[in-house]
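Enquirer: Please model the entire structure based on the sequences and the hints provided.
Residue strings, one per chain:
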Amino acid sequence: MQAHTPNSQTSQASLGQRLANLTPQMVLAPTIFLAFAYVVGFSIWTIWISLSTSTLLPDPTYQGFEEYAKLWGSKRWTVAYQNLFVFGALYVVGSLAAGTVLAVLIDQRVKFEAVWRTIYLYPLAISFIVTGTVWRWIFHPNTGVERALHDMGWLAAKFDWITDRDLALYVVVITGMWHASGFAMALILAGLRSVDGDLVKAAQIDGASMPRIYRKVVLPTIWPIFIAVTVVLLQFAIKTYDLVVALTQGGPGVATTVPAIVVYDLMFQRGQIAQGAAAAVMILVALAFVLVPYALWSAWQSRKEGARHG
Amino acid sequence: MADTSTHEQFDPLATGGMRRRITSKGIVYGALSVFALIYIAPLLIILLNTLRPLEDIVRTGFIALPDAETMTLRYWGEAWGSFCIGGTCEGVSRFYKNSLLMTIPATILSTMIGLLNGYILSKWRFRYDGLIFGLITLGVFMPQQMTLLPWAFVLGKLGLSNTIAGLVFVHTVQGISFTTLFCRNYFVSIPDDLIKAARIDGAGFWRIFRRIILPLSPPIVIVTVIWQFTGIWNEFLFGTVFTSGGNQPITSAIVAFSGSGTGERHYNIEAAAVIMAALPPLFIYIAGGKYFVRGLTQGAVK
Amino acid sequence: MKTKTTRALRSTGAAIAALSLGASFAHAEPKTNMMHQWAQGSEAAAIAKLGEMFEAAGGTWEQTAISGHTSNTLAKLRSDVVAGNAPAAVQLKGPEIAEWNATGATANLDATAAEQGWDDVVAPELLTVMKPTGNWVAAPMNIHRVNWLYSSREILDDLGIDVPKTWAEFNAACDQIVAAGKTCIAHGAADWSDTTTFDSVVYGMDQDLYRKAFQEADLEALRSQGMIDAFAQLRKMIGYMDDGINGRSWEESMTMTMTGEAAFFLMGDWTVASANLAGFSEDTDYYCTQTPVDWGGNGFILNSDSVVFFKQNDPDYVEGQKLLAEIIMSPEFQATFNVAKGSIPARTDVDLSVGGFTKCQQQGLEDLKASVSEGSLVRSMAHNMTVLQKYRGAMMEVITEFVADDSISPEEAANQLADAVELQM
Amino acid sequence: MSSLTIKDLRKSYGEVEVLTDINLEADSGEFIALVGPSGCGKSTLLSIIAGLESVTSGEVKIEDRLVNNDAPKDRDIAMVFQSYALYPTMTVRENMTFGMECRNIPKAEQKDTVARVADLLQIGPLLDRKPSQLSGGQRQRVAMGRALVRDPKLFLFDEPLSNLDAKLRIEMRSEIKKLHNRVGKTTVYVTHDQVEAMTLASRIAVMFKGVLQQYDTPKEIYERPRNKFVAGFMGSPTMNFLNAKVVQSDAGFGVTIDGGDGTILPLPADHTANLAAGQSVIFGVRPEHFNPVHAHRGDTSARMKVLVDMVEPTGAETILMTTVAGQDVVASVEPDDAPKEGETIELAINMSKVCLFDPSTELRLSA
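Protein chains in written order, with UniProt numbering: chain A, 1 to 310; chain B, 1 to 302; chain C, 1 to 425; chain D, 1 to 367.
Think of the hints as simulated: they come from the structure by calculation, not from any bench.
Warning: the hint list may mix true and false statements.
Quick list of in silico lysine-lysine cross-link-like pairs, DSSO-like style, CA-CA up to 27 Å [unchecked claim]:
hint, chain 1, residue 1, chain 2, residue 2
1, C, K311, B, K157
2, D, K219, D, K177
3, B, K25, A, K216
4, C, K165, C, K182
5, D, K177, D, K153
6, D, K73, D, K107
7, B, K25, B, K290
8, C, K212, C, K236
9, C, K359, C, K49
10, D, K167, D, K219
11, A, K201, B, K25
12, D, K178, D, K209
13, D, K153, D, K111
14, C, K165, C, K49
15, D, K107, D, K130
16, D, K153, A, K304
17, B, K25, A, K111
18, D, K111, D, K7
19, D, K111, D, K177
20, D, K305, D, K340
21, D, K130, D, K7
22, D, K178, D, K153
23, C, K212, C, K369
24, A, K75, C, K236
25, C, K212, A, K158
26, A, K111, B, K157
27, A, K216, A, K201
28, D, K153, D, K185
29, D, K130, B, K290
30, C, K212, A, K75
31, D, K73, D, K153
32, C, K165, A, K158
Expert: The structure is reproduced here in structure tokens:
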């Protein structure tokens, strides 16, 4: 009876309806185009240039993997690449550790919490150039702490890490930590505040000491925050350039050189654009070392999540 | 259960009611103070050196208190108005405007685009949306040095070389990665039911954005604005390479201090200039720090 | 009076331009935008002078001073060329002039040069650099001497030491100075300053080796016993430096010598300008002499700043290039600029006895002439006047690593030097 | 006229089919409940009716108009969400007028409508508050109010009461019923609570694994479930299922419990169609259809000896957890009739209410 009511509507949606359905995609399209051009386009361009004969100016003539061989034959680059991993690891772990300590301290219901928080967070607002410059002043034996101690009469005082090729990288790490640990602190503190109070009460009833409760109960529950901070900090670590330039200029020797400096130098100072591009590609590869496991992990995580709910 | 609603404001910074105490408050405050000293020291050192005559700095290094007799605010004035940078002796004041003209539009644009993208990618699912999101996010990690030449080419084609508009464009595109990441992760926590309800109520794409999403966005807007503003303000490489002369942002002027220029270094004036250049982001952090952290935990940590 | 000459020159130049480029360009207003890296101090002042002269001659002057590292300047230059708006005038030097010339992006200055007779007045050793393929593409602004040794008068007088003339004397002096509890060599380690010192060492020990190794990038020379000896001397000299060399700027090192904290300072003649500006004076605070040479005679390691002109479409800027080239090459500018910068003019016909040139500068010119006649003149590797940047960069890496790392032996260093260059071939 | 028609509806996400061949229709003014355990597809079906999800194949018609490709706003529907989905940044009033605003309804009319609905729901004093300032029950009312102002063709409810506490839930349940009686709009109501479905609906659609199991009046569904799933899902405590065999004796057909003492439980004559002696069946008895023999209530001709493991008084009734021949049996009895734990008692079964199911197809056997 009702089965074949004449219907003005066809099974096709009207044009206006279809356009309305496409609005999100259409609004997103320009951004996608830009992001695609920026991320994919620029990356492909760089990869291509790294395989080309480019020197002073980009030149698309194909050459092959020669520039990669040359790059990996240079000591400076191997040191820089190694530094990226050492610095990245220490910087991230150090900032997280310092941030955790600060967050736990502030979490003790201290007075003037906002003041403490601001003090620890403000370095994030300071540019890397300024950060590096000031810490160079502080670390350098002739102008900084060592000089001040000498002037105070303690002539045996020695604080010359920045001029010691074995320790200079740690100066970069410390400076980086100064810049970033407040950021870690802020996020971890917020995480601590979101932890269910019953959890702590339960642990207290179980007779656990406060440090133990933090270590075993509270901090493990906020691990997603640690992941998020790690990703943001890694991004800083991989792109580190200005900090090192201002702090040590990559020295002593090449001890604190990082890949971004090599890329810039090769591409611009030395007119070896192809080799510089090869170095940039290697940075992308380093990035993949970090991001691919992370992506796989989160995909696995969301599948697990999906399985649980579905 | 009935009273916990998804849209209740969660304030991670409100002091929780739980009792956590490390035995001695003394230890806590002691440790906090030691850390605070380390964090404050660099700023203090720059600040004090702005007051010291050059001879004083050269004689005793950077870590020393200003001498009461010789300390002066003169260098602030010089840094602002008469110090020679890049061959023009007008101090940093003339670069301030450029930095503002670059930072403010780029911050606003990238934030607005990020809000839209985040809204679409979290609330209007379609094929490959995850892939697109991943792609946009990858932009966060692109080393700047690598993008210089392609950008130069693009800016040249667009006729934006050597213009502040060009810098705004570059910073906006680069910023989209961050703002989209932040906003999308934040909007994911807004219940989909709200969007469904609005669609049934007859609201379309734009009306939902304007009436439902935007009013819920202030926490994440604060995050992206702070993040973008400080990031763009403090960036120097693009400023140096893509603009020239009187169009350069303030960081490009400041950056000379780290390089090996020739001639005498006016550390005191440079220190004053550095502080001036750092003031806007510092102010933004101090004023918005609380909201920054709050928004960040709601947005980035997902 | 000078202005009048310049004006006259300019109008002639404009007339020629009008003839060669067609009448429509006759009303071109000369404009220029010069890109350089002299953002501060005496150099910035010297460039400002150029701007004043350009404007006085009726041009519209703009400058882009890129602070900090040379790479920033070069990054900007490359970006601008890639973006399709090459700058009108850029401070560039050495082999890069030839490289950029080879890209076809540079403008030809032959007409202006011919009119002004540049070939007759420019120091001959600069000609190959400024005319890489026989055409003028760059205007030289000055000649820097890299191999200067500044000695603290206070220390030398106190200890009764004469300024050393050979490396053996130098080492002996250092031993004495160190024994007296002073720092012998003031130094701020950085790749370019380490290499500047090494330039003088290699050159002073064996000038032929210098030419082969640093001007021709000859691998055998780089690996030779002479190079090993030079590294050994450098190692010895590092021992004469204090512990604070890393992260110290060259100005700080200079001050150490000027104030009697350290005895010697090896650096180019820009030191003169900075030292005088800082209130130190020749013969009172410091002596300037050439760095030690073991082969007797006068040595001169040359460095020259020059301006390269890139092809422009806007007739105003084309016109501006001609005007700027004229002014740069004018005796007046050469004198003013070089007084400020501590160097000597690229024109050989400027009288250094007037106009504020210092004794060191006058000495420099004399030494230059002597060096030319003795055939000992070389160009500086450290300051990018000889080999391509890629070889120079590779060499600098090895040299600065050698300075920073005590464990590298001179033999290893010489081998690494050759390997690093070979890798880039 | 049918107000909602769903014909041969399928929905799949890629490979996964979440709704299979759904056929359903609602007459004008009817109250349809969609029930089923979570993941059964009932919410997806509701979303499809609302237009929030697309159709893979089949037809959705509202008042005989095909709406497969219509946007939600063009379907003239209103929906109440489980989470209420109140716009957090708007006041209650704005929440209610938002839909009218989207439809460009004049301000004056909006105002009147809000006043009328607020009156109806007694939320007048709340109009200027934000949702975060409301209690759960108040939010629920506002959510309904937002749907009511629209005067749509179809009301959709998606588990609207599940976020309320037990007492409030019962209150609101009867309120919804009253409201529906007054407004008389066709309503589709999704719930996983079979009591809500029973009390509210004129017809119930029981769903499981994307398939519509049975669509009928509450009484039919309860008394004559089509299969074991429906029988088990509707009713609390749930129906007992005992493995049994059909036996035939002089008195007609009966069943014996597997592993039991062989007592024959005689089946009423109208339950015996399609049965064969020796056939394995699942013997279904609702808990309330047991009575302790010692209480002497009603017919006690069919009896079963059980061991009482546990006694759970709930006040109005007492639940007995018992076992017979290793199979669990739950009985609901009058509190006064309750035995002690550990006792063995005899339960009488109201055989006219029992159901038999085929063990393999799980379909109900007798008509």
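Enquirer: Each hint should be assessed against the structure and marked as holding or not.
Expert: Cross-check of the supplied hints:
1. Of the supplied pair hints, the one linking K311 of chain C and K157 of chain B holds, its CA atoms being roughly 18 Å apart against a limit of 27 Å.
2. Proposed proximity of K219 of chain D and K177 of chain D is supported: the alpha carbons are some 17 Å apart, at most 27 Å.
3. Using a Cα cut-off of 27 Å, the hinted pair K25 of chain B and K216 of chain A holds, with the two alpha carbons roughly 22 Å apart.
4. Proximity of K165 of chain C to K182 of chain C is assessed by CA-CA distance (about 20 Å); at most 27 Å being required, the pair is judged to hold.
5. Of the supplied pair hints, the one linking K177 of chain D and K153 of chain D holds, its CA atoms being roughly 18 Å apart against a limit of 27 Å.
6. Straight-line distance between C-alpha atoms of K73 of chain D and K107 of chain D comes to about 19 Å, which keeps the hinted pair within the 27 Å bound.
7. Distance check on the hinted pair: K25 of chain B and K290 of chain B sit about 24 Å apart at the alpha-carbon level, within 27 Å; holds.
8. The suggested pairing of K212 of chain C with K236 of chain C holds, with an alpha-carbon distance near 24 Å, which does not exceed 27 Å.
9. For the given pair, K359 of chain C sits about 23 Å from K49 of chain C by alpha-carbon distance, which is consistent with the 27 Å threshold.
10. Taking the CA atoms of K167 of chain D and K219 of chain D, the gap is about 25 Å. The hint holds against a cut of 27 Å.
11. Only pairs whose Cα atoms come within 27 Å are accepted, and K201 of chain A paired with K25 of chain B is accepted, the gap being roughly 20 Å.
12. Restraint check for K178 of chain D and K209 of chain D: the C-alpha separation of about 32 Å exceeds 27 Å, so the hint is violated.
13. A C-alpha spacing of about 21 Å is found between K153 of chain D and K111 of chain D, which places the hinted pair at or below 27 Å, so the restraint holds.
14. A threshold of 27 Å between alpha carbons decides the hint, and for K165 of chain C with K49 of chain C the separation of about 37 Å lies outside it, so the pair is violated.
15. For the hint pairing K107 of chain D with K130 of chain D, the CA-to-CA distance comes to about 21 Å; that is within 27 Å, so the pair holds.
16. Of the pairs offered as hints, the one joining K153 of chain D and K304 of chain A is violated, with about 41 Å between alpha carbons and a cut-off of 27 Å exceeded.
17. Taking the CA atoms of K25 of chain B and K111 of chain A, the gap is about 11 Å. The hint holds against a cut of 27 Å.
18. With a CA separation close to 39 Å, the supplied pair K111 of chain D and K7 of chain D exceeds the 27 Å bound.
19. Under the criterion of a C-alpha separation no larger than 27 Å, the hint pairing K111 of chain D with K177 of chain D is consistent with the structure, at around 26 Å.
20. For the hint linking K305 of chain D to K340 of chain D, the alpha-carbon distance of about 15 Å falls within 27 Å, and the restraint holds.
21. For the suggested pair K130 of chain D and K7 of chain D, the alpha carbons sit about 41 Å apart, so the restraint of at most 27 Å is broken.
22. Of the supplied pair hints, the one linking K178 of chain D and K153 of chain D holds, its CA atoms being roughly 18 Å apart against a limit of 27 Å.
23. Only pairs whose Cα atoms come within 27 Å are accepted, and K212 of chain C paired with K369 of chain C is accepted, the gap being roughly 23 Å.
24. Only pairs whose Cα atoms come within 27 Å are accepted, and K75 of chain A paired with K236 of chain C is accepted, the gap being roughly 24 Å.
25. Using a Cα cut-off of 27 Å, the hinted pair K212 of chain C and K158 of chain A is violated, with the two alpha carbons roughly 43 Å apart.
26. Between K111 of chain A and K157 of chain B, the direct Cα distance comes to roughly 57 Å. Violation of the 27 Å bound is thereby established for this hinted pair.
27. Between the alpha carbons of K216 of chain A and K201 of chain A the distance comes to roughly 14 Å, so the proposed pair stays at or under 27 Å and holds.
28. Taking the CA atoms of K153 of chain D and K185 of chain D, the gap is about 7 Å. The hint holds against a cut of 27 Å.
29. Restraint check for K130 of chain D and K290 of chain B: satisfied, since their Cα atoms lie roughly 24 Å apart, inside the 27 Å limit.
30. Between K212 of chain C and K75 of chain A the CA atoms are separated by roughly 24 Å; this keeps the pair inside 27 Å, and the hint holds.
31. Taking the CA atoms of K73 of chain D and K153 of chain D, the gap is near 12 Å; set against the 27 Å cutoff, the hint holds.
32. Proximity of K165 of chain C to K158 of chain A is assessed by CA-CA distance (about 36 Å); at most 27 Å being required, the pair is judged violated.
Checked against the numbered hints listed earlier, the structure breaks hints 12, 14, 16, 18, 21, 25, 26 and 32; every other hint is satisfied.
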